[in-house]
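Protein sequences, first through last, are from chains C and B.
Take 10 as the starting number for the first sequence in the working numbering and just add one per residue.
Take 483 as the starting number for the second sequence in the working numbering and just add one per residue.
One or more of the hints may lead you astray.
[Stated by the list, open to error] List of simulated lysine to aspartate or glutamate pairs, DMTMM-like, C-alpha gap at most 25 Å: (1) C/Lys288 x C/Asp214; (2) B/Lys549 x C/Glu268; (3) C/Lys58 x B/Glu865; (4) B/Lys513 x C/Glu106; (5) C/Lys58 x B/Glu926; (6) B/Lys544 x C/Glu268; (7) B/Lys973 x C/Glu327; (8) B/Lys927 x C/Glu269; (9) B/Lys906 x C/Glu64; (10) B/Lys982 x C/Glu283; (11) B/Lys552 x C/Glu106; (12) C/Lys22 x B/Glu972; (13) B/Lys544 x C/Glu114; (14) B/Lys869 x B/Asp835; (15) B/Lys544 x B/Asp527; (16) C/Lys278 x C/Asp202.
Bear in mind the hints are in silico, worked out from the structure with no lab data behind them.
Note that this is a predicted model, so its numbers are computed, not measured.
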Amino acid sequence: MTVQIKTIDLEPKRNTFAHVARRLGADKPASRYQEATLDVQATENFHYKPLWEPEYWHYDTRKTAVVMADWYKPLDPRQFYYSTYNIARANMNQAAEKNFAFVDERGLLTKASAQAQAAIRRGLLPVRHLHWGSNMNMAEMTQRGYGTAVTAPCIFSAGDHLGMAQYVSRIGLLLDGQTGATLDEAKQTWLNDAAWQEIRRLIEDTFVERDWFHLFVAQALGVNGVLLPFMYKKAEAAWTDAAMPIALLTEFMNDWHAEEARWSDSVIKTVAAESDANKALVSEWAKTWIARATAAAKPLSAALLNDDGAAAAAAGAEALKKAASLGLAV
Amino acid sequence: MSGTKKLALRQRYEYLTRGLDWETTYQPMDKVFPYDSFEGIKIKDWSAWEDPFRLTMDSYWKFQAEKERKLYAVLDSFAQNNGQTTISDGRYANVLKLFLTGISPEEYQAHRGFAFTGRHLRGAGARVAAQMQSLDELRHLQTQVHTISHYNKYFDGIAEWPLMHDRVWYLSVPKSFFDDARSAGPFEFMIAIGFAFEYLLTNLLFVPFMSGAAYNGDMSTVTFGFSAQSDESRHMTLGIEIIKFLLEQHPDNLPIVQKWVDKWFWRGHRLLGIVAMMMDYMLPKKVMSWKEAWDIYFVEAGGALFQDLGRYGLKMPKYADIATAEAEHISHQNWAVFYQYTHAAAFHTWMPDNEHLDWLSEKYPNTFDKYYRPRWEMWAKMEKEGKRFYNPALPQLCQTCQIPMAYTEPGDPTTICFRSTQYKGDTYHFCSDGCKDIFCDEPEKFVQAWLPVHQIFQGNCGGATVPDVLKWYHMNVGADNMDYVGSPDEKLWNEWHAEKLRQAG
Numbered sequence: 010m011t012v013q014i015k016t017i018d019l020e021p022k023r024n025t026f027a028h029v030a031r032r033l034g035a036d037k038p039a040s041r042y043q044e045a046t047l048d049v050q051a052t053e054n055f056h057y058k059p060l061w062e063p064e065y066w067h068y069d070t071r072k073t074a075v076v077m078a079d080w081y082k083p084l085d086p087r088q089f090y091y092s093t094y095n096i097a098r099a100n101m102n103q104a105a106e107k108n109f110a111f112v113d114e115r116g117l118l119t120k121a122s123a124q125a126q127a128a129i130r131r132g133l134l135p136v137r138h139l140h141w142g143s144n145m146n147m148a149e150m151t152q153r154g155y156g157t158a159v160t161a162p163c164i165f166s167a168g169d170h171l172g173m174a175q176y177v178s179r180i181g182l183l184l185d186g187q188t189g190a191t192l193d194e195a196k197q198t199w200l201n202d203a204a205w206q207e208i209r210r211l212i213e214d215t216f217v218e219r220d221w222f223h224l225f226v227a228q229a230l231g232v233n234g235v236l237l238p239f240m241y242k243k244a245e246a247a248w249t250d251a252a253m254p255i256a257l258l259t260e261f262m263n264d265w266h267a268e269e270a271r272w273s274d275s276v277i278k279t280v281a282a283e284s285d286a287n288k289a290l291v292s293e294w295a296k297t298w299i300a301r302a303t304a305a306a307k308p309l310s311a312a313l314l315n316d317d318g319a320a321a322a323a324a325g326a327e328a329l330k331k332a333a334s335l336g337l338a339v
Numbered sequence: 483m484s485g486t487k488k489l490a491l492r493q494r495y496e497y498l499t500r501g502l503d504w505e506t507t508y509q510p511m512d513k514v515f516p517y518d519s520f521e522g523i524k525i526k527d528w529s530a531w532e533d534p535f536r537l538t539m540d541s542y543w544k545f546q547a548e549k550e551r552k553l554y555a556v557l558d559s560f561a562q563n564n565g566q567t568t569i570s571d572g573r574y575a576n577v578l579k580l581f582l583t584g585i586s587p588e589e590y591q592a593h594r595g596f597a598f599t600g601r602h603l604r605g606a607g608a609r610v611a612a613q614m615q616s617l618d619e620l621r622h623l624q625t626q627v628h629t630i631s632h633y634n635k636y637f638d639g640i641a642e643w644p645l646m647h648d649r650v651w652y653l654s655v656p657k658s659f660f661d662d663a664r665s666a667g668p669f670e671f672m673i674a675i676g677f678a679f680e681y682l683l684t685n686l687l688f689v690p691f692m693s694g695a696a697y698n699g700d701m702s703t704v705t706f707g708f709s710a711q712s713d714e715s716r717h718m719t720l721g722i723e724i725i726k727f728l729l730e731q732h733p734d735n736l737p738i739v740q741k742w743v744d745k746w747f748w749r750g751h752r753l754l755g756i757v758a759m760m761m762d763y764m765l766p767k768k769v770m771s772w773k774e775a776w777d778i779y780f781v782e783a784g785g786a787l788f789q790d791l792g793r794y795g796l797k798m799p800k801y802a803d804i805a806t807a808e809a810e811h812i813s814h815q816n817w818a819v820f821y822q823y824t825h826a827a828a829f830h831t832w833m834p835d836n837e838h839l840d841w842l843s844e845k846y847p848n849t850f851d852k853y854y855r856p857r858w859e860m861w862a863k864m865e866k867e868g869k870r871f872y873n874p875a876l877p878q879l880c881q882t883c884q885i886p887m888a889y890t891e892p893g894d895p896t897t898i899c900f901r902s903t904q905y906k907g908d909t910y911h912f913c914s915d916g917c918k919d920i921f922c923d924e925p926e927k928f929v930q931a932w933l934p935v936h937q938i939f940q941g942n943c944g945g946a947t948v949p950d951v952l953k954w955y956h957m958n959v960g961a962d963n964m965d966y967v968g969s970p971d972e973k974l975w976n977e978w979h980a981e982k983l984r985q986a987g
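Work the whole structure out from these sequences, hints included.
And the structure:
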């Protein structure tokens, strides 16, 4: 037996918008992701060339060297639109809040050894600036990219990096008793400590990359693919007796990484599979940025783990393997 | 900033936002931020920026997720219970057609534009605020699409909204407005959209649509409106902060900002003409007249705002007096345009009935009976005689606002206002001194305008005849366009109501 409430069924004239129906191949019910995403960016009959970049329209496929017949091919496997994105993050944040409360109430960080605390201050807190730089890059791809299928997840990712920069900062505030002293110190480390300089140079170099899909590859495979896994996974031993609380406080980052990669991998795979020319370009970019990120992480790896850069090399090797699995010639 | 004292909330927020930023050294700052100097705006000290709201990302996710859960619960319930059958009248759906084809795509443009300023303003505090607005504007586009998606299942004129936005003649008015802002520099964008649009004029754009929804039983759209209210408040605080900040930073900024305020006030005023028409003619249940809204939200509230900004030397926008005088006319003149071009519009038109005419007479005692009522009565008579008036000629468009040249001379409502100027040997035409001034200030920009009528004559819109062009617009002729009376919308609405009456016995 089932309970059945009788409702009035009115026959709809159509099931979805016409542009969505054309993409689905028929007028059938469409998902909210599809209606919120497909073809929503303007594509033709623009009025004025940007004063700041008159060689392009504000929406212009020529802002990257890769060519897609249809920029609505690289869809988001997570099917994020604003609502599902925010609800997913709010849920992840709920877990993060519990972890922060757990660590704070038990003083797990402040009770950790001086050695562990020093390693966190030097080795982990400056990554807040790397997230901030990543936030700038994702905002750039949002404004410069083509087609809502790719650009909407970019602004979500920009929000994520800002959020992660803030979680890392809160680790510092836990350590310094909410005075901000560790964050001032971390900025000096980021700006001056030799172990961090190649990482800072790398992210500053991405800031001036004008090809937005090149930037996408640099960010996804270089920064997210090598540097962040190095920080959040491979460097664990450096936190010594604080490794467990740090694992709790960075759980968000690891969950985020796995989820973000589902999207960015799928985008890169789709774009590279479009043509041999795309594949060659994307492969070249992937090789360059994975190599640079690996080299940039080595001094930090050596400084934190005294491993002569082995952990960084391992992160780089995994990134290369991943890139190959996306169909890239690396 | 380092210390041993616990951080106050404000300092803590600064550590979590602008404290993340640094001066680049491996790449020059001017290469990292290449677009923030050509407009001539001088910023001495970005650290003087006052964060207009202090939301960390975790709080943002939490608040926004909560609002989204509630909103989508209402949208689902509205669809399940056939909420579209309990709106005030089938005519109301035309307001939503205008909204989704004309306004929602601009929410999207705002999303991309705030991503631009969210990356390219040199001040990190301002960037964070702009990025959150970029996220919010994407929210508004997507929730509007989802809200109106249900209406699309039953009403015509909605299904092709993105394509129509790119092609249909009157939709080039809002599109060119936003293309203008998007192609401007980052500071002009912030004044154009952040200040003029989101602060000065928001009560005349967003609010009338949402109040209209509330008055006309559209529970889904009004729920969206309530849900977006706190976003809009944040946008308003950003808009007022940016203008104050620019004016406080350097006296040389004043003439530049004044020029932008003048430009975007006038452009906004022209764009709002469609809202005026919606309020006075398209809402079956009226909220207030356009004239009343203008008096409250521009003359009074805007007047107070500019009095406040007067301490920086900023003056009321140029031609504000003309705009106020036009508030007596603009809705009537716009409705007249759409009535005579109803065959080329993706929403329905109608002549007001007697009760509606009397309401207009009451709300517009200085102008309606004298200038507009006689025209409506004549057109209604012609309809009855089977001689419904259509205008078969294509109208001349204003080079700046792209509206057909149908507005009248200030102080003389019986003479069409024409202005023109020469640029590099060509003549350009305008609907007003306001639009002409805007052109003359940036002719190299405005000569580029994709004017729909010019494009039709140049053969770029599907062909030489009206049916060719309508086909290129993806207009479903006889369903999307023409009068409400006799439309499939009307037929369906009447069926629903006959069924309701039958059930009520």
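field: Broken hints, by number
entry: 3, 4, 7, 8, 10, 15, 16
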